[in-house]
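S.K.: Each chain is listed here by its residues.
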Amino acid sequence: MGQTIAEKIISRHAGATVQAGDIAVVDVDGTMATDATAPFAIRAFREMGGTGLWDPERVSLVLDHATPAPNERVGNLHRLMREFASETGCTLYDVGEGICHQLMVEKGHVRPGDIFLGADSHTPTYGALGAFAVGVGSTDMAAVMLTGKTWLKVPQTVRIELTGELQPGVEPKDIILFLVGKLGIAGATYEAIEFAGEAVDTLSLAGRMTLANMVAEMGAKAALVDTRTLPSSYPFTPTAADEDAAYRAVHTFEISGLRPQISLPHAPDKVVAIDSALGTEVQSAFIGSCTNGRLEDLHAAAAVLQDRHVAPGVRLTIAPASRQVFNAAVRDGTVAILSAAGASFITSGCGPCVGTHQGVPGDGEVVISSSNRNFRGRMGNPRASIYLASPTVVAAAALTGKIVDPAEVLAEQGSP
Amino acid sequence: MKTENPIRGRSHVYGDDIDTDRIIPGKYTKTLELSQLAEHVLEDLDPEFRARVEVGDILVAGHNFGCGSSREQAPLALKAAGVGAVVAKSFARIFYRNAINIGLPAVEVPEHDIGTGAILNVRLTDGVVIDERSGKRFRATKMPEVMVDILQAGGLANYLKERGGYGPFSTEQNRTP
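Residue numbers (the working numbering), protein chains in the order written: chain L, 620 to 1035; chain Y, 34 to 210.
Simulated from the structure, these hints should not be mistaken for laboratory data. It should be emphasised that the depicted structure is a prediction, and the values quoted were computed from it without experimental measurement. Mixed in with the good hints, there may be bad ones.
[Claimed, not checked] One-sided excerpt, in silico: chain L residues whose CB lies under 10 angstroms from chain Y: (1) D654; (2) A663; (3) H684; (4) A688; (5) R692; (6) S740; (7) H741; (8) V755; (9) D759; (10) T769; (11) T782; (12) K840; (13) E873; (14) L1029.
For each residue, glycine too, the CB sits at the ideal point set by N, CA and C.
Given these sequences and hints, build the entire structure.
M.R.: The structure is reproduced here in structure tokens:
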């Protein structure tokens, strides 16, 4: 019987031919934890009797969730991570270098066909590179630091074929919001999702990362975006599914008619076309996160906001996904456009998305965000409401103070 | 610390899709102090829970319990608050693994109509949850052997320490039907 991409990658790492439902112990190619998960991972590593890492070259710690440290408690957790890194020789990305998932891809810590375990739920983002990348908790990550292995259940796979072409002003974020709405918040629990089709073939690496990132919002274990058309700076052999691979389900969606999508409070799968949310007033807008904080996302916002200014009473906060993204946006003038439009740039990291600091909304306030979750209390205040959308839609809402069709503001801007 | 078997406690019942932000908000997770996690457990879902919960109580939920973040602080907060086990119709993947890894029994019972205040008897090895007053028995999904072993060791840290790693592992023995 043929194999899915997940079955092929896991078989290679288990040293045995496996199929969905099997439980296997596999060799892991890389692991990562953040300041939200590393402290408990370090504690668990010690409890396991760990002293040296299995392979320091394959372990990264990233300070991104509460950076710069908002208080002494976090300051001490950061210090603990720095000390652990210097003691064990693993890679440390300190405050301001970027969001873990952006860094793992940008700095080459993960490659096509790898198995990667990240102590963060959005680790499936590396499925953009065709890696079997799985989010785990601190103790599982500690076990990888110690042994270089993990146990896992080989998942069933859902295949999603995307045909057609996105309209101007409609972005990869709208595709994944649409899919989260269709499949639901538990729609792919324990499963892998393969993305393929002509609409995937034309996506940039950034767009593929956005797509893979939010499979977490369907409960999926991993995303595997077709790598046969992946733009890559280095050569690799793509892993493709066999023709006769067994899928739990195959869905085909034609996306040419897709409208911009909005996820309503307080669940990521409460998704509607923008037309049902037009006119919703917002007080805060956020562009950033591992979902949509990359250079092309900042470009999309700049296309809306060039020579304009955010509406009175609206705060626009931007956290570039990494220092590299920020520097590129400085060099090409994007930062100047957005800053002149009234945007506040903050440290590259996760802060506002996860509600740690840097933009906690007030009671009754409405936030529109390019991030991935809008659970009650997500951004730090259970009495606020969060709408999720693409960077273009967020920028258009910041400009006008309410949710509007971005096509209208782009037309006025003279852009397509 | 070994996991007790059976587990007996009073139920606290919640619905579907209880996400990790409601189990422990992200703003409270940056700590290594378990008591600080326990203080804020379920704060945005049920502000009275913390005051009401007693050691050994059992949290009962519907589908997709623990969806969202990978934060191990979610099961840690429940355990530190005294919760003895979580029974749900289904679990989100990472929460389920995390709970077992830290030695908090997470028991999947696909069908139940357990009400708040019931006295539950959770028998891990028999795979059954019994409502003592009504006498109703609810069948639990069988766990893979590796998870039972981890739970019986009191968590993954002890499991690895006792065995010095994953040791020889048979995919065949752990094949699920």
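S.K.: Please go over all the hints and tell whether each is borne out by the structure.
M.R.: The hints, checked one at a time:
no., hint, verdict
1, D654, "holds (7 angstroms)"
2, A663, "holds (5 angstroms)"
3, H684, "holds (7 angstroms)"
4, A688, "holds (9 angstroms)"
5, R692, "holds (6 angstroms)"
6, S740, "holds (4 angstroms)"
7, H741, "holds (8 angstroms)"
8, V755, "holds (6 angstroms)"
9, D759, "holds (6 angstroms)"
10, T769, "holds (8 angstroms)"
11, T782, "violated (29 angstroms)"
12, K840, "holds (6 angstroms)"
13, E873, "violated (29 angstroms)"
14, L1029, "violated (33 angstroms)"
Violation of the numbered hints given earlier is confined to hints 11, 13 and 14; the remaining hints are satisfied by the structure.
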